[in-house]
Amino acid sequence: MALKTERMVLNMGPQHPSTHGVLRLELEIEGELVTKVTPHIGYLHRCFEKHCEAMMYNQVVPYTDRMDYLASMYNNWGYALAVEKLCGIQVPERVEYIRVIMGELQRIASHAVAVGTFGLDIGAWTPFLYLFRDRERILTLFEMTCGARLLYNYIWVGGLSHDIHPDFVRMTREFLESFKPTVTEVNNLLSYNKIFIERTANIGVLPLDTAINYGCTGPTLRGSGLAYDLRRDDTYSIYNKFDFNVITGQGLQGTLGDTWDRYYVRVQEMLESVKIIEQALDQLPAEGDVQSAIPKRIKPPKGHVYTRVENPRGELGYFIISDGNTNPFRVKVRPPSFVHLEIMDDLTRGHLISDIMAILGSIDIVLGEVDR
Amino acid sequence: MYEFLNELLGNQILAMLLTAAVPLVFILLFTLFAVWLERKVSAHMQDRLGPMRVGWHGSLQLIADFLKILQKEAPVSLEADKPLYNFAPVLVFAGSFAAFAAIPFSSKLIGSEIELGLFYILAVSSFMVIGILMAGWSSNNKYSLLGAMRSAAQIVSYEIPTALVVLGMIMLTGTLSLTKISEMQTSSFWNWYILGGPGLSLSKFLLIPFMIIGFIIIYISTLAEVNRTPFDIPEAESELVAGYFTEYPGIKYAMFMLTEYANMFAVSAIVSILFFGGYQSPVGYLGNMLGIHWMIPFEQAFWFISKGLFFVFVQIWLRWTLPRLRVDQLMALCWKYLIPYAFLNLIIIGIISLL
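In order, the protein sequence lines correspond to chains A and B.
Going by this note's numbering, the first sequence opens with residue 1, and the numbers climb by one from there.
Going by this note's numbering, the second sequence opens with residue 1, and the numbers climb by one from there.
FYI, nobody ran anything at the bench for these hints, they're computed from the structure.
Treat the hints with care, since some could be wrong.
[To be verified] With a Cα cut of at most 30 Å, we get these calculated DSS-like pairs of lysine-lysine:
1) K194(A) <-> K36(A)
2) K204(B) <-> K194(A)
3) K142(B) <-> K4(A)
4) K82(B) <-> K72(B)
5) K72(B) <-> K36(A)
6) K50(A) <-> K302(A)
7) K275(A) <-> K85(A)
8) K50(A) <-> K241(A)
9) K82(B) <-> K4(A)
10) K40(B) <-> K180(A)
11) K332(A) <-> K180(A)
12) K85(A) <-> K50(A)
13) K299(A) <-> K50(A)
14) K194(A) <-> K40(B)
15) K50(A) <-> K296(A)
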C-alpha cells in the first residue's frame, strides 16, 4: 500500500535568523529535501527610484546610502560617477585616490560581513566575531572621516563631503597590517575546516553559462571561474594605476562554482583590496581641496547616462535620464543583489534545508538593495 | 546516601525527598554555573568580555536571567495540543533528572546505588526522545516538527555507538554498577581505563589504543546525543530558529535549557566514570594522608565534578570553534564510521580481555 504523502510548504522569513534581512523564502519541502524555492521580496521597499525624481541631484546621495547599507561608500560613488559623467565634471586627483581608498575599505568591510555571516549560517560563530571586530575598525576610520559609521553621504557629486583626518593614513596602515593575520585566522578556522568544506563544497553549483545567462556579476560570477571585474575590464576612476589580481574560483574543494568557491573568492578579495589600499596610500597626493570641483548647482544637459561600478556584491549600475532640470527625470538602479536573488531556485533545487542557508549566504544579498 | 539519611533522620519519606533534592539542587547550580561558563568562555574566545555588569565578572547574571525568565508570560499557541505541549518539557527534564539518581558523585554521595546503573542511565536518557517528539509535534510549528524529527533520529542513532562502547567496558569490567567501575580504577591515574585499566598485565598495554578509540567514539556520540555543536542540527538557529522548543516561552523554555545543560554534565560524568576513574583521585587522597577519613568522600566529589566540568568545558570549546554538520552528514558519520569502528573496537576488546 502506498502511503499518501504531500509536500510541506515552509515559510522561511521575513523574520528568520538567517535570511539576511527581511527576505521571505517559500520552500516546498519533502522531508528535508527542498523541491522548490520562491523568494518573496518587497518588505523593505522604500520607493527609492521614484523618490529621486522629486529630489535635486545632490539630495539623492543620502538615499543611495540606504540601498546597500553594507557598502554605502560604493553606492555614493556609483551615483556620483554617473552624475559627473552626465555633467562632464572632472574631479581632482586627490579626490580619486581618497575615493579608491574608501571604496576598497568598504569592500573589505562588506566582504567581512559576507564571510562572517556565511560562517554563521553554517554554524561557526567565532570567525564572524573576529571579522566584525576588524570591521569595527574600518567603521571607526569612516567615522573619523565623515562622522558616520554606516550611512556616510561621503562621496558627493564632484568631490567629497570632508577631507581625510590627519591621522587617517597612519591609522589605515596600522589597520591593514593587523587585518592580514585575521584573514589567515579565518582561513584556518573556516576555509580549510573539514566540516566547513563538507558543508559547502559541491553545494549550490552555479555553472558559468547559467551565471552569465542570469546576469550574475561580482564574486558570484567570479566564483564560477570567469575573471570579470569592472575595476579592470571597464576601468573607472583611477583603478588602472593599481596592480591587483582578479580572483576567480578554482574549484579547489569540489566543483567549480560551488558555495565554497564563492566564499573563498571573497576571502581572497579582501587581501587584494588591502594591496590596492596600500598602493593608493603610497601615491596619495599630499595637498588639494577635495571640494574644488563640486558644482554650486547641478543642472546637467538633456540626455541619459549609464555607469557601472564594481560594488562588493557585483555590478552596481545607475541609469539616469536628465530632462535638463535640477531634478533627475528618472533614476534606475541595477542592483547586483536583486539579480543574484533570481538564481536561488536554480541553485537550491534538490538540496537540503540546511543548504538553503549556505547558498543564500554564499550569494550574499542585501535586502535594502533588492527592494530599494 | 539514602541509607545514611534514613539512619540519620529515622524517616523514610524525608530521606527519599532529601536524596532526590540533592541532584536537583546540583543540576540547578550546575546549570547556572555552566551557562555563565559558556558565556564567558565563548566571550573570551571571541575577543569579547561577556557578561560583566551583574556581580563579579557577571557571576550573578544568570540569577538575574533566571528571575526574568520565571516572570515571563507563557502564552500558548491556539493551535497547539495543550496537554502534550505542557507535559513535554516536564518529561524531557524528568529523563535527564532521573539519570542523575544513579551517578556516583563519590563513594558515599550517590542517589541510588543500583547494580544496573549504567544500563539504567542509558535507558532513562533515551526517554527524552519521547518528550522532544511531543514538544515538536504539539507546538504545531513546522520548524519545531523538523527539529524534533532531526533530534529523534539523531539521538536514536547515536545511542548505538555509545551503547557499543559501553558494552566493551562492561565486558572488561564485568559489572554494570557505576560505583564498582569507579572502584576498579582506584588509587592512581595509572589504573584508569583510558590507560588500560588496573593491573600491570600485557593486556593492559594492548588495550590502551583501543581504549582511546573507544573514548573518542563515545565522546563524539554523547556530544551528538546532547545536541551540541557540531551536532546541534535539531536546534540549529540559522536553519530551524530554535528547533523543537521554538514555541516555548518562559519557564518551559528554561526547562529545556536546564535539560540540555544537565545532560551535558550527565554524559561527561559517564565518560569520566568509564575512562577516567569517575570520582577517584588521580594521585591519592589528602584525607588518607592526614588520617581524616570523612574528608575522602568530599575530595572524591571534588574530583568527580572537576572531571565532569572539564569535559563540559571541552564541549563548550568545540561549540565555539566548529561549524555545524548537515543532517545527512551527521547520519553518515554515525552509521558509516562510528558504528563499524565501535563494533570492531568491541570485538578487539573482547579478544584482548580473553587473553
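Problem set entry | Restraint status (C-alpha distance of K82(B) to K4(A) at most 30 Å) | Distance of about 28 Å is within 30 Å: holds.
For this session: Would you check the hint for K194(A) and K36(A), treating anything up to 30 Å between C-alpha atoms as holding?
Result: Measuring from Cα to Cα gives roughly 29 Å; hence the hint holds.
Exercise. Taking 30 Å as the top limit, are the C-alpha atoms of K50(A) and K302(A) close enough?
Worked result: 19 Å, holds
Exercise. Taken at face value, is the distance from the CA of K72(B) to the CA of K82(B) at most 30 Å?
Worked result: 18 Å, holds
Problem set entry | Proposed proximity, K85(A) with K275(A) (alpha carbon, max 30 Å) | 28 Å, holds
Exercise. Given the hint that K40(B) pairs with K180(A), does the C-alpha gap stay at or below 30 Å?
Worked result: 27 Å, holds
Exercise. Within a Cα-Cα threshold of 30 Å, do K72(B) and K36(A) meet the stated pairing?
Worked result: Between K72(B) and K36(A) the Cα gap is close to 38 Å, so the pair fails against 30 Å, i.e. violated.
Problem set entry | Pair hint outcome, K204(B) versus K194(A) [Cα-Cα no greater than 30 Å] | Cα-Cα ~34 Å, so violated.
For this session: Would you mind confirming whether the straight-line C-alpha gap from K194(A) to K40(B) stays at or under 30 Å?
Result: Holds, at about 27 Å.
For this session: Given the hint that K332(A) pairs with K180(A), test it: the Cα-Cα distance must not exceed 30 Å.
Result: 37 Å, violated
Exercise. When you check the alpha-carbon spacing of K50(A) and K296(A), does it fall within 30 Å?
Worked result: Holds, at about 24 Å.
Exercise. Is K50(A) close enough to K241(A), meaning Cα to Cα at most 30 Å?
Worked result: Distance of about 37 Å is beyond 30 Å: violated.
In this structure, the hints that do not hold are numbers 2, 5, 8 and 11, in rising order.
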